[in-house]
Amino acid sequence: QEKSCHLSAALLGEDSEISQDQLYELLKYAALGKCHNAAQPSWCHIYHQSHLAGVLVVVLHEMSQLHFYRFYLQFKHLRKMFRHRFTLAPSANFPVSLYGEGTNLKSQNTPQGFTSSECITKSSDLQCDPIIRRYGEKKQGLTSYTLTLKEQKENDYPIEGSPGCKGYISTGCDQQRTDSSPLFGLDCEMCLTAKGNEVTRVSLVDAQGQCLLNELVKPESTVVNYRTRFSGITKKMLIPVKTRLSDIQTRLKKMLPHDAVLVGHSLNSDLQALEMIHPSVIDTSLLFARSEGRRFKLKFLAKAVLGKEIQCEQKLGHDPTEDARAALELAQFFIEQGPTKVAELNLEMLLTAEKLAEVSQNKASLQPQGCGFQEQLNEPPPLSKPCFLDCLQVTGQKPLLLGRQGLDFSGLYHSNLSTSNKQILQRALEDVPLSKFSIVQFSLGPEYLASHLHAGLYEKVRSKLTDMLTIYAGPFEENFCMKSVKKEFGRCGPIQSLTVVTETFQPYVCIQYEVLEAAQLAVESLNGAEVAGSCIKVQRPVTAAMLDCNVLIEELELDVENEGVIYVAGLKKSLTETDLQEEFSQLKDLETLFLPKDLQSGKHRNCCFLKFHKTQSAVDALQAINGWTMKGSELRSRNALAPGHLWRWIWQMNHSNGKQGKHIFYEKMEQLSNSEQDLRKKVKKLDHHIKKLYRSLQNNTLCVVLFPGVYSTHGSQSGLGLMGIKDGEGRSAC
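In UniProt numbering, the protein residues as written are 1 to 734.
Worth flagging that the hints you see were computed from the coordinates, not collected in a lab. A quick note: this is a predicted structure, and the numbers were derived from the prediction, not measured. Don't be surprised by glycine CBs; every beta carbon is placed ideally from N, CA and C. There may be inaccurate statements among the hints.
To be verified - Okay, the calculated beta carbon distance ranges per label pair:
| no. | residue 1 | residue 2 | range |
| --- | --- | --- | --- |
| 1 | His45 | Val551 | 33 to 39 Å |
| 2 | Glu583 | Ser497 | 53 to 59 Å |
| 3 | Gly161 | Asp21 | 37 to 43 Å |
| 4 | Trp628 | Asp548 | 29 to 35 Å |
| 5 | Asp21 | Thr543 | 24 to 30 Å |
| 6 | Asp21 | Ala545 | 36 to 42 Å |
| 7 | Lys139 | Glu292 | 23 to 29 Å |
| 8 | Thr222 | Leu149 | 34 to 40 Å |
| 9 | Ser8 | Leu149 | 48 to 54 Å |
| 10 | Gly445 | Glu583 | 49 to 55 Å |
| 11 | Asp179 | Cys312 | 30 to 36 Å |
| 12 | Gln586 | Asp21 | 38 to 44 Å |
| 13 | Gly293 | Leu434 | 34 to 40 Å |
Taking the hints into account, I'd like the entire structure generated from these sequences.
Below you can see the structure in the form of structure tokens.
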């Protein structure tokens with residue numbers, strides 16, 4: 001049965017802002033797995049990555065988090081499809097930050113970078129691969145990959161009765177091996193003596209990679225060259241050593257079962273140095289076959305196939321245990337994946353790419369230091385990131401890019417340019433299922449992306465958000481106690497500002513909160529209540545922009561990212577996160593606790609968010625917490641409204657005071673209003689395009705939708721990312 005991929009990410013508060021490097025980390029691992037030096041992202045976890053059917057990245061050109069929340073109701077499908085959402089730091093060069101810089105390979109007459117799905121390598125192209133020619137395409141058991149007697153003779157393995165093997169010791173194992181026989185990784189380090197190569201260190205690991213033997217050995221003859229650079233052995237290390245070769249031979253004979261299969265890289269050298277004969281061997285230097293008798297180095301194979309760095313230059317010499325384990329894992333990978341999967345890695349092309357990168361790096365290091373533009377700014381040159389899509393390209397898995405004509409793709413090759421989002425969608429529905437990694441780029445069109453429109457949009461969102469965070473309470477008596485009012489409303493959450501309205505016959509109070517939940521809690525719990533000796537009404541401002549406020553609140557509460565998340569207010573600021581963890585530990589299925597902080601002072605606010613594994617547990621917790629007294633303070637709670645990534649953004653907008661572009665672009669606001677109705681229609685259609693594309697994806701496809709944000713010297717806007725792995729019901733899996 002096919003394993004189901006799923007994704008986990010704890011994206012609350014400060015942890016919900018993701019850098020471009022972290023996004024690159026996610027996409028690299030999703031595209032390559034563990035085969036090409038990729039690693040699990042540090043901020044989320046992809047389970048069963050090897051079972052991913054593909055990766056789709058949808059880029060909404062020059063759109064930001066601002067667009068998503070300005071047109072939140074129009075993005076009806078987008079906000080319901082993805083459980084994971086994060087704020088994305090904007091970048092000056094978004095394409096490069098997304099997938100790195102290309103290596104400009106021109107091999108095999110294929111165009112650089114992206115290409116159309118028609119260029120995807122067919123399985124028939126693998127027929128010429130040395131691995132397929134040697135082993136065929138089908139997966140086989142380990143006995144199919146052990147060297148025959150003839151192959152051992154051709155590759156200078158010690159053979160019973162052969163000239164030059166006089167005095168050699170047999171391991172005592174027989175040739176009755178099966179596909180269930182145990183594998184052991186073996187590696188030795190040698191030095192040069194008057195006799196020739198002699199063993200100075202031996203390592204043996206079992207099939208689980210556990211080290212069974214790691215022993216220094218004293219050579220019989222005088223050492224001529226310790227080969228410290230490669231062996232790591234020094235004269236000082238061998239002075240106290242008493243173990244001799246005969247001791248190691250005896251121990252190996254006892255340790256190896258009768259059907260043991262030894263695995264090593266150029267294992268013949270190790271067995272010759274050990275002066276031992278063993279009938280069943282897998283040699284990874286021959287297993288990963290190349291043409292014309294050439295061999296891949298172990299260091300390269302470990303990096304390209306396993307994603308592991310071994311034999312690092314920082315270390316003194318090789319670590320034989322590390323090398324033995326690497327050879328073992330390479331053999332296990334080959335046996336488990338089969339020849340076709342290994343051939344698809346296209347190791348020859350990866351080696352070429354590595355060499356080209358080294359040459360490029362060497363050239364860069366030889367360039368004279370001048371007074372370049374970066375130096376004039378006293379800034380270090382930006383660190384280049386390798387384009388992980390090159391690795392896909394050289395393995396024949398051509399990445400696909402679909403986008404509009406006129407958009408900047410940073411010079412990367414692409415043949416799929418369209419004139420409208422509809423055309424892009426039609427091509428995507430045809431081509432994305434054929435590609436392992438696809439980037440589809442939609443745009444609202446240049447008329448909606450001008451900077452003055454963006455600034456006007458920012459002002460509208462900031463204004464509406466301020467209104468949603470604001471409540472009016474009253475009327476109060478002339479000499480009411482302001483301290484009592486502040487205390488009562490403060491129990492709903494952190495207050496940004498509190499002022500008395502004097503334009504009315506009786507005094508009212510205007511309160512602006514820092515979080516949406518606090519304002520909503522105040523409306524729900526204090527409207528009609530008696531505060532400071534008066535029965536008061538609590539309401540939000542009544543403006544044209546606020547007429548749909550209740551609808552927006554309802555939709556925010558139903559947002560999939562808020563499932564299982566509740567807001568708790570009324571906490572004493574003296575309580576630490578540890579205190580709260582202890583107090584709330586009795587709540588069932590509690591997954592995460594987020595305690596917001598003032599981003600300037602770093603002080604905790606008087607509220608927190610609790611995320612539960614199950615939605616029902618959150619419902620039960622709400623009932624339990626309301627009216628709960630903690631350290632003498634009565635708690636209030638409700639369902640969360642603002643997804644985790646939004647808290648920081650709200651705080652930043654709250655503290656910007658509308659400075660961004662207001663005085664420069666105010667006269668353009670009328671133009672924005674005139675076009676906003678059309679813009680809503682375009683956004684709604686765009687949302688429908690993404691829904692249609694998402695539904696066409698295979699199960700176990702990772703889909704990431706990106707609002708890249710705007711990077712500008714006049715004021716940048718954060719981006720937004722939504723992600724999930726499609727499950728069998730067309731939703732994104734947790």
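Status of each hint after checking the structure:
{"no.": "1", "hint": "His45 <-> Val551: 33 to 39 Å", "result": "holds (35 Å)"}
{"no.": "2", "hint": "Glu583 <-> Ser497: 53 to 59 Å", "result": "violated (30 Å)"}
{"no.": "3", "hint": "Gly161 <-> Asp21: 37 to 43 Å", "result": "violated (60 Å)"}
{"no.": "4", "hint": "Trp628 <-> Asp548: 29 to 35 Å", "result": "holds (34 Å)"}
{"no.": "5", "hint": "Asp21 <-> Thr543: 24 to 30 Å", "result": "violated (41 Å)"}
{"no.": "6", "hint": "Asp21 <-> Ala545: 36 to 42 Å", "result": "holds (37 Å)"}
{"no.": "7", "hint": "Lys139 <-> Glu292: 23 to 29 Å", "result": "holds (26 Å)"}
{"no.": "8", "hint": "Thr222 <-> Leu149: 34 to 40 Å", "result": "holds (36 Å)"}
{"no.": "9", "hint": "Ser8 <-> Leu149: 48 to 54 Å", "result": "holds (51 Å)"}
{"no.": "10", "hint": "Gly445 <-> Glu583: 49 to 55 Å", "result": "holds (52 Å)"}
{"no.": "11", "hint": "Asp179 <-> Cys312: 30 to 36 Å", "result": "holds (35 Å)"}
{"no.": "12", "hint": "Gln586 <-> Asp21: 38 to 44 Å", "result": "holds (39 Å)"}
{"no.": "13", "hint": "Gly293 <-> Leu434: 34 to 40 Å", "result": "holds (37 Å)"}
When the structure is compared with the earlier hints, violations turn up for hints 2, 3 and 5 and for no others.
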